[in-house]
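Which chain is which? The protein sequence lines are H and E, in order.
When we follow our numbering, the leftmost residue of the first sequence carries the number 3, and every step to the right adds one.
When we follow our numbering, the leftmost residue of the second sequence carries the number 1089, and every step to the right adds one.
It is possible that some hints are incorrect.
[What the hints assert, rightly or not] Short derived list, chain H residues pointing at chain E, Cβ under 8 Å:
no., residue
1, 55
2, 100
3, 102
4, 106
5, 108
6, 191
7, 234
8, 261
9, 264
10, 265
11, 268
12, 273
13, 276
It is worth saying that the hints were derived from the structure and are not from the lab.
Treat the numbers as computed from the prediction; the structure is a model and nothing was measured.
Yeah, the Cβ is synthetic: ideal placement off N, Cα and C, and Gly gets one too.
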Amino acid sequence: MIFSFDLLFEAVLFGVLLGCFYAAVSIGLSVSFGLLDVPHVAHPALMVLGSYCTFIVAGWGLDPIVAGVVLMPVFFVLGVLIYRFYYETFEKRGTEAGVRGLAFFFGLAFIIEVGLILVFGVDQRTVQAPYIGSSLALGEYRLPYRMLVAFGVALCLTVVLTLYLSKTFTGRAIKAVAQDEPALRLMGANPVRIKQWAFGIATGVSALAGAMLIIVGPVEPALDRLYIGRTFCVVVLAGLGSMTGTLGAGLILGISESIVLMMFGASWAPAVAFGLLLVVLGIRPQGLFGR
Amino acid sequence: MKYWISVAVLLIVAFAAALSGVNEYFFYAGYIVLTFVVLATAWNILGGYAGYVNFGTGAFFGFGSYAAVVLFKALGAPLIVQIAAGAAIGAALGFGVGIMTLRLRGIFFAIATVAILFIAETLMVNWRYVGGATGLQLLRPEATAPFGSYTRMLFVVMTLLAVIAVSVARYIQTSWIGRGLRAIRDSEEAAECSGVPTLRLKLIACVVSGALMGAAGAPMPMYLSFIEPASSFSLNWGVSALAMPMIGGTGHWIGPVIGALLLGSVQQIVTVTISNEINVLVVGVLLVLFVVLAPDGVIGLFKRWTRSSR
């Protein structure tokens, strides 16, 4: 084990970039699971689907980020449809929605994953862009541009979503439905419509998150399994449904993963997110920045 | 009584088949289907009776396999000891998971089991003694006396394990344990208030379920003559072990058996005739279809059918 403050600083720096990226890929889940209480285990699978769609659209000559933005409305509609289906089949009937709802999303994740394998094969896919492959030299440290781009987009996404949820009428309605659904119903609003809208936004955001995923590194269909740990770790650590908390939790995960990567090597890195998740669930299930 | 007679007949048939001249492939495929019977039955004890969804079947299964490999490599332990070790480590992990149910329910519990699965895989990837990420080739010992090949022997062993698993699940379902677990599934607070010892029951369910999964994993390295972390700790074990009871019906011990025989056989046919990827797709699609359209599985369909035809 090699240890020096220089290396540590570099690891923390990289961890901050990585952490913002993790926050961005988790923020959709923070809405769908954190605010709406939908057991959305298929979130990472939808995100990887977003990566592959970005791969196709970017193949037409678009910049991957633009491709991700273009895909957002499509994914929004997809999300609305998924929620509508989930509501009609499980939430509305009420009884034992827990086990079956979980099984439904778990099955959905597998269908998406295998669908991607059948269409694209198990090979890794990448996209081309001017900022992929080169890095910014900052004194003696080198920061890859692809991480910086993901960092920037992630930060924008988090800020926009936080503002949307706290300043706009619909955003506040989404928060209200998370707090007290019967009360919202008494105010004359339709909670199902609002949840549908919110789930659409969460899924739309995963399209952009998927675009960043394929910018940051090569993507393969089974990547969603690893991201179950990362996204749920961030959302639970953040405290369900807290947007600023998501950013903080992403940073914690990013920095710890980056430090473990430096000190113990890549083979231990996947366990960091899952280990952290287990510790948080065991000690403080309400998260650090709870609502 | 009828149950035990059919069990005895089943065991005799399996034993006779293993000694007869039936094609080797039958045992090769049958072994996997029987493994699924054990896994689905074990999953159902916790997931179906008590309503705690476990995605981490692979963790129990994989640890069972690795316990067997370590004992085999270090001491050359015989199969029966390997299976006992697999069951023991599965039970120990089950106990840990049972403690977790104190604080975690629903999706939080489910996600925690995924976490355990990946941590287990990472541990084994980094353990050199068992071959790390690349895995380990194993030299199978000679098959014992009456059996013509090792696969045939494993088939009979797995039949026995499946019978044990199903009998245990059947006992749990009809005894006070099953009643308590059902009470927990319907409302844990109400059960606790009515004096049901919820923690003890959940611990029993977790330990039994874990031990059976561990035991099911133990003969796997010998079956493949090989072990590696990625497939031992695959999430695919989890989705199959969850899908089979869901398809068969979770309320009754026969449900997981029906589901495993049905889905397991379809999987074997699909793997041979089409491809390995399609077989996971079949699991996913059937799981979603059944969860949406037939919430009580094949058993529920059957009940509805007999009621309407009367």
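Results of checking the hints against the structure:
1. 55: 19 Å, violated
2. 100: 5 Å, holds
3. 102: 5 Å, holds
4. 106: 5 Å, holds
5. 108: 6 Å, holds
6. 191: Violated: closest Cβ of chain E sits about 26 Å from residue 191 of chain H, beyond 8 Å.
7. 234: The hint holds - residue 234 of chain H has a Cβ within 8 Å of chain E, the shortest such distance being about 5 Å.
8. 261: 16 Å, violated
9. 264: Since the shortest Cβ distance to chain E is 16 Å, the answer is violated.
10. 265: It is violated, given that the least Cβ distance between residue 265 of chain H and chain E is near 13 Å, above 8 Å.
11. 268: Status violated, d = 10 Å.
12. 273: 4 Å, holds
13. 276: 4 Å, holds
The structure does not agree with the numbered hints 1, 6, 8, 9, 10, 11 stated previously, though it agrees with the rest.
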